[in-house]
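Residue numbers (this note's numbering), protein chains in the order written: chain A, 1 to 327; chain B, 1 to 338.
Careful: at least some of the hints might be erroneous.
Taking CB as the label site, the calculated pair distances span [said to hold, decoys possible]:
#	chain 1	residue 1	chain 2	residue 2	range
1	B	Gly338	A	Ile60	28 to 36 Å
2	A	Pro59	B	Leu330	33 to 41 Å
3	A	Ala309	B	Thr329	44 to 52 Å
4	A	Gly268	B	Thr329	23 to 31 Å
5	B	Ala314	A	Ile60	48 to 56 Å
6	B	Leu330	A	Gly45	43 to 51 Å
Partner residues aside, some chain B positions facing chain A, computed with beta carbon under 7 Å [what the hints assert, rightly or not]:
#	residue
7	His132
8	Ala173
9	Arg204
10	Val334
No lab work stands behind these hints: they were computed from the structure.
Just so it is clear, CB atoms sit at the ideal spot from N, CA and C, and this is done for glycine as well.
So you can see what is in the structure, the chains are spelled out below.
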Amino acid sequence: MPLAETTLVEAINQGLRRLLRERPEVVLFGEDIGAFGGAFKATLGLQQEFGEARVFDTPICESAIFGAAIGMATQGLRPIVELQFVDFGMTAVHQLLNNAGTMHYRTGVAVPMTVRAPCGGGICGGPFHSEELEAFFCHMPGVKVVYPAFPADARALLVSAALDPNPVIFLENKYLYRHVKEWLPADWEPIPLGVAQVCRPGSDAVVLTYGAMVHEALRAAEQVEQEGAGTVMVLDLRTLKPLDADAVLAAVAATNRVLIVHEGWRTGGFGAELAALVAERAFHLLDAPVVRLTAPDVPVPFAPELERAYRPGADTIHAALLELLDY
Amino acid sequence: MSRKQTKATPPAAARSRSAQAALPGSTLLRCMLLTQLTEERLVRLYHQGRISGGVYISRGQEAIGAATAAAGGPDDLYAPLIRDMSVHIGRGEPVLDIFRHCLGRVTGPMKGRDGNVHYGCLARGVYPMISHLGAMLPVVTGAVMARRRQGRPAVGFAYLGDGATSTGDFHEAVNFAAVFDVPVIFVIENNQFAYSTPITRQFRCRNLADRAVGYGIEGLAADGNEAVDLYRLVRGLVDQLRARPRPVLLVCDTMRMRGHGAHDDFSYVPRDLLERFTARDPLDLARARVIADGALTAAEVARLEQVCQAEVDAACQQALAEPPPDPATLTEGVYAAG
C-alpha cells in the first residue's frame, strides 16, 4: 500500500473528512473553520467538499458553540466543534462541566459531541495562546479526554472520539501540528479510547507522558541509552480519561522507576493524578521516588528564552532521567 | 361572541367540547391550577422537613408557562427555567413525577440525581435546566437547529428571567440564533426581582424587548398575567416562525409573588408593588376569563379545582410512599455506554 508523508494537522483533517463522508449526522462548526479552513488549517477544504450545512463558521461565542453542540447532540446530530485555542474554551467551560458532563447522569440521554482544542506551547504564543489545560477537563465527571502525539493516532483516535456517545475533549498539540510527520497508509482503522501505547521499550525507567512531551521524552531516552545509562520505556497515554491504568501499572512493574512529564502546570496537574495512581497501586514496585517534571506554576511566558525555561524539553527530561537512574 | 350569547348555547357537554376547540381557557386554567396546588403542597412538604434542599415556586407567573406550553406543537422544544412548572405540566409532565422528583425518589424523572427545579423529559422535548442562568439558551437553539435539519418544523421556547438577561450566555445565544435564523422564542419573564435584586439593578433599557433591535430581531412586550391573551399572541407567533424561521424576544411582564425560595420571606419586596400585581393575580384573571368567555361556568371552575386538588393529593401520597435511590447506584451512568 502506498504511504504518504502526513503531518499531525493533516491527519486530523483526514479524520474529519472520513467522519463527514461516513457519518451524515456529523457536523463541524467553530470560528473561521469554513472556507478559511481554520486558524491551523485543520478543516482545510472540508466546507468546499461537504457544504456549508455541515461545515460552518459561527460568531465568536464559545459558550453558544458548546451549548448549541449539546443541543444538537441530544437531537441526533454528532457535532464536532473547534476551539481556535483551548485557552478560549475557559470562557465557556461551564457548558462542558455542568451541562454536557452531567446530562447522561441526570437524564440518561447521551451527548455525543467532540471538542477539538489546539493547546500547548512552543510557538511563542504567550500566556493566552499556549495553555495546557487537560487537568481542568480531566477533573470533570462525564467527560472524556484524548490527547494524541502522533499523526496515525490522531486521525484514528479522532474517529473514535467522535463516535463515542459521550462528550470528548480532543486535545491537539499545536507545536506537533507540523513538527511531527509519519508515513501513513490511506486505509486505517479507529483506535479505541483508553488504550496507552508503549512507543519505546525499556527496562530501567519509564516516562509516563502524552502530547508533545512524548517526542521530547523519546529524544531524551535515546540519548540516555546511547550514553549507556540504561534503557528507558516511554509510555504515551494517548487517552487521559479514561486512563489506561493497567498499562501504567505494567510499565511500573517492568521498570521500577517512574518519571512523569507534562507541559501543563504542576499543582493539581495530571501528573499528580499519575503519581497518586502509582503510589496507591504500585508503591511496592518502586525502586525510587516518583519524579514529576512539569511546567512551573507560572503563566506561559512569551519570550523564547523564557518559554524554553518554562517548558520541559529533551534536555531537562534527560537530566531528570539520569538522576532517577542514579537513585 | 358575547358572554350572554355563549351562556345561551345549549347542553353543557356539547358546549364544553366545542368551546374547548375554540377557547384554550379551561386547558390553561387547569394547568395553572395544577401548578399552584402542586407548589403549595411542595412548600408544605419543605416546611415539614420532608423535602431536602429547597423549594422554588412560581406563584404569580403561572400564566406564562401555561400559555406558551399550550401554544407549541409536537415537534417543539422547551427549556423551562426556575418558575416554569406550568411549562412542564403543560407539556405533559405528570404531577406525580414532579412530586417524585422534588422528593428525590428513584421513580422520578431524574431518579434522585437532581432536585427541585431541575427536571425535564427529553423524550417530550423538555430540557432539564441547569442552575447557571442563560446556559440553556444556546442548548435549545442548537437542538432546534438539529431538528430542523431532520425536516421537523421545530420552534424552540427558551425561558429566562430578567436576571438572566444580564449574563453573557443570553447575549451569545440570542446573537447565535439571530445569525442562523433559528426559530426560538426567548421568553423573558420580567418578574421584577432576581432573588433580592430589583430590575433597576439589572438593566437600564426602557423595556427588555428593546434589546431585540441590537440583535436585528423582533422584540415583543406582553402582559404575562393574562393567560388567554398571551396564548393567542404566542400561538400566532409560532405560526409566523414556522413560516419564516427567526428568533424573537418575548418579554412578559409579571411578578414573583413569593420569595426566591420557600426559605425566603421576601421582605425586600415593596408592598405596593406586590399589591399592584396581586390585583392582577394570573389565577384570578384566568378564572374570571374562562367564565366570561363561556368556556366554563363558575360551578365547573369550582369542580375543576376539586379535581386538580384530588390529583395533587393522590400524587403526593403516592410519591411519599415510593423509595429513594439506592446508594449503591451512586457511580452508575456517568457515561453513556457505547
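Original post:
Hint numbers the structure violates, sorted upward?
Top reply: 9
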